[in-house]
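Using the sequences and the hints given, assemble the complete structure.
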Amino acid sequence: MKKFLSMMLTLVVLVGFVAGCSSNTASSNEGKDSGKKGDDVLKVWSFTDELKEPIKTFEERHGMKVELTIIPIADYPTKLKPVLESGVGAPDVFTGEIAFLKEWTDRNYWENLSAEPYSVDKWSEDYVPYVFDLGKDSEGNVKALSWQTTPGGIFYRRSIANEVLGTDDPKEIGEMMSSWDGMFEVGDKLKEEGYRLFPDEGAIRWFSKSEDPQPWVNENNELIMTEAKLNYFDHAKKLREKDYTAFAPEWSPSWVASMNGPIAYNGGWDEVKEDSKDKTEVFSYALPTWGLHSVLKLNAEDTAGDWAVTSGPSPYFWGGTWLGIYSGSKNKEMAWEFVKMMTHDEEFLTDWAKDTGDVLSYLPVTNKIKDDFSEPFLDGQNNYEFFLEEANKIESGIVTEYDQQIDTLLGSKVLEYVEGKLTKEEAIEEFYKAVENAYPEIKTPK
Amino acid sequence: MKKLDHKGYYFIAPFFIIFLIFNIYPVLLTFYYTFTHYEGYGSPEFIGLANYARIFTDTQFLEAFVNTWKIWGFNFALQLGIALFLAALFSDLRFRIKGLGFFRAIFYLPNLITISSVAILFNIMLDWHYGSVNQFLMNIGLISEPINWLNQPFTAQVSVSLILTWMWFGYTFIVLMAGVSGISKEYYEAALIDGANRIQTFLYITLPLLKPIMLYVMITSLIGGLQLFDLPMLLTDGLGNPEGALNTMVLYLYNQAFRYNNYGYAATIAYMLFLITVVFSAITFKSMYREVNGSKATSKSKKRKAKNAKKRGNVHVYEKVSKQNTYI
Chain L
1 MKKFLSMMLT LVVLVGFVAG CSSNTASSNE GKDSGKKGDD VLKVWSFTDE LKEPIKTFEE
61 RHGMKVELTI IPIADYPTKL KPVLESGVGA PDVFTGEIAF LKEWTDRNYW ENLSAEPYSV
121 DKWSEDYVPY VFDLGKDSEG NVKALSWQTT PGGIFYRRSI ANEVLGTDDP KEIGEMMSSW
181 DGMFEVGDKL KEEGYRLFPD EGAIRWFSKS EDPQPWVNEN NELIMTEAKL NYFDHAKKLR
241 EKDYTAFAPE WSPSWVASMN GPIAYNGGWD EVKEDSKDKT EVFSYALPTW GLHSVLKLNA
301 EDTAGDWAVT SGPSPYFWGG TWLGIYSGSK NKEMAWEFVK MMTHDEEFLT DWAKDTGDVL
361 SYLPVTNKIK DDFSEPFLDG QNNYEFFLEE ANKIESGIVT EYDQQIDTLL GSKVLEYVEG
421 KLTKEEAIEE FYKAVENAYP EIKTPK
Chain B
1001 MKKLDHKGYY FIAPFFIIFL IFNIYPVLLT FYYTFTHYEG YGSPEFIGLA NYARIFTDTQ
1061 FLEAFVNTWK IWGFNFALQL GIALFLAALF SDLRFRIKGL GFFRAIFYLP NLITISSVAI
1121 LFNIMLDWHY GSVNQFLMNI GLISEPINWL NQPFTAQVSV SLILTWMWFG YTFIVLMAGV
1181 SGISKEYYEA ALIDGANRIQ TFLYITLPLL KPIMLYVMIT SLIGGLQLFD LPMLLTDGLG
1241 NPEGALNTMV LYLYNQAFRY NNYGYAATIA YMLFLITVVF SAITFKSMYR EVNGSKATSK
1301 SKKRKAKNAK KRGNVHVYEK VSKQNTYI
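Taken in order, these protein sequences are the chains called L and B. Last residue of the first sequence: 446 in the numbering used here, with the numbers rising by one and none dropped. Last residue of the second sequence: 1328 in the numbering used here, with the numbers rising by one and none dropped.
Treat the hints as calculated values from the structure; they're not laboratory data. Cβ atoms here follow ideal geometry from the backbone N, Cα and C, with glycine treated the same way. Misleading hints may appear alongside valid ones.
Chain B is nowhere near these chain L residues, computed Cβ spacing over 12 angstroms in every case [as the list claims (entries may be wrong)]:
#	residue
1	Asp75
2	Ser124
3	Met341
4	Lys421
5	Glu441
Distance condition first, Cα-Cα at most 30 angstroms in a straight line; then the derived DSBU-like pairs of lysine-lysine [as the list claims (entries may be wrong)]:
#	chain 1	residue 1	chain 2	residue 2
6	L	Lys421	L	Lys446
7	L	Lys421	B	Lys1070
8	L	Lys424	B	Lys1070
9	L	Lys189	L	Lys433
10	L	Lys52	L	Lys354
11	L	Lys330	L	Lys56
12	L	Lys433	L	Lys56
13	L	Lys433	B	Lys1070
14	L	Lys65	L	Lys354
Simulated coverage check for chain B against chain L, where a stretch passes if three residues somewhere in it have a Cβ under 8 angstroms from a Cβ of chain L [claimed, not checked]:
#	stretch
15	1082 to 1090
16	1154 to 1163
17	1233 to 1241
Written out as structure tokens, the structure is:
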């Protein structure tokens, strides 16, 4: 009897355990079902808090709750992938950064917006061309849209320009920097006066990348190594050898410090407090639209107002966020409303641009507001107009899903060449090897 | 015998169910992936032994293997050395160092800091221009120029080794102290009376009797060391820079899987790592175990000990030692 009792007890515990699991799944199914009715919560996933304010507006307009999940960008693709693959707990709307945008457009994660009932193809004229094109998959169907455009320029210090180059006019400076030779000439003049052209050698990578705009990998899975990219090695080496850079690698503490005033140069920190000749100031930074708001403004408090932006040897863009509807979403109607508000709503986008200064890709709004911008940080320069002009020069269709990683690999090999650890041939050879190692399917030039 | 029944199985069943789902299933699935090309999208594509063919000719994996050993080996030698020294110091009857608990806590503290905080801390301290390590070394005149610690293969590896040592010597020390306190005081008293000096006491009493504990420390540290990942990942760019010197096996695995989406190949690396760990643990175990329990090695050292002991007419210690050995 005792044995029987304990057996029963164990069974009860076990059954309870199993039932506990199954009832959980049942309730979560219920949750999903109610989602079908489209009356509860819209789930949005992103990697920044940028969408917080728009979501408030959306909630007010539609009287529904939007749940924003922010996942740090380093984990974003890794976390999103299993969710999108399995469809369990997936968001209704999710954003994609340029680094993994192309990886996703060709999967069935985002709803095809070219199809009914969205038919966004008719909007193609409304956007900056490269931005609209990047949201397409390989067959030309639009999978994601973006509200912003993120072209880059060269932000430089007006006071240094006046002192060394005799002018601080963005047009004239842009003229001087419009070729590699011109840029090095400016570097030379700056050097003579004790300034440095760029914080580090990596600053020129964007110009090398877009000088001869071709994708990294073509349709035959071959790596395309353009002359311009090979020249990147030499240009970077020249910057180092001629001493045009300040040894302040991007995102490092010294990089940030250099925006706000003189920094120690080349290990001269021992004399930081004295007025030593080892200190230097950096003249310019290659940064895109968001660099102004999220980098310069935050770090260059003492030099605010002493900046201007101009173009470099070639137009480029850096970053950007797209958004689309999850193809398995049960709430596509509201998801579409949200995407529409973010990317194709004049009233909202006008407010957004005025509040944040974000450079929009939606032309009906930008055409209306671009003339009125005047940025105090840039001494009143209209950066909005400048960036829109740059955006229109950008060649679309050269971004591949490999770009982010291959750029990183190239950058690290260029740096090893610049530091003299490898010869140029070795560096290129190692770069090819690294690419093959990362993507065995890609054929590298031999 | 009849009284035995199967009730117990119901109680242990939950563990095994969870173990099956969350351990055995992924392990087997990973094994399946080693035969596939899988990018994490859709379904894996079967490619036979291609991944294994690749890994045996992959120089990067070999480099990662060597790097892991260099970093772990240097760190382990140092860590064990420090821990043994401290254990000897604290176990010495003649020193009678007070506050063992206090020191134990202090030595163990670095282990409580999360590894990401440690990485950030050392990233700042090892900074080329502004780092306090360089500032300090230059101020006391040890170096005349700042060392770019994390930008040269050798110094980067040494830095990681030293950080690991700093983090783990306290743990090793605690484990060794536990082993030491398990040794009967009588041996030490006897040795004291028989006139053994400190080094002799350490070499002939503490060390032999600590071997089982050291075996444990060695194998756990080896398994942990071969999985070295977080520090190299966080200290430099996550790709193993400078010049691939910090590219460890697990970092390589991580990058193949989550940076380049080669899940199949990453699974193969994982299985190689498992094989390597098993092989080296077995070798360590075999060689140490024989010395602890086996007849050959032990009898040799016993004879030597006996000889030493007899020289001083000290048979007592020898007997005690051999008796203790049979218990282990």
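Item to check | Broken hints, by number | outcome: Violated: hints 1, 4, 5, 9, 12, 15 and 16.
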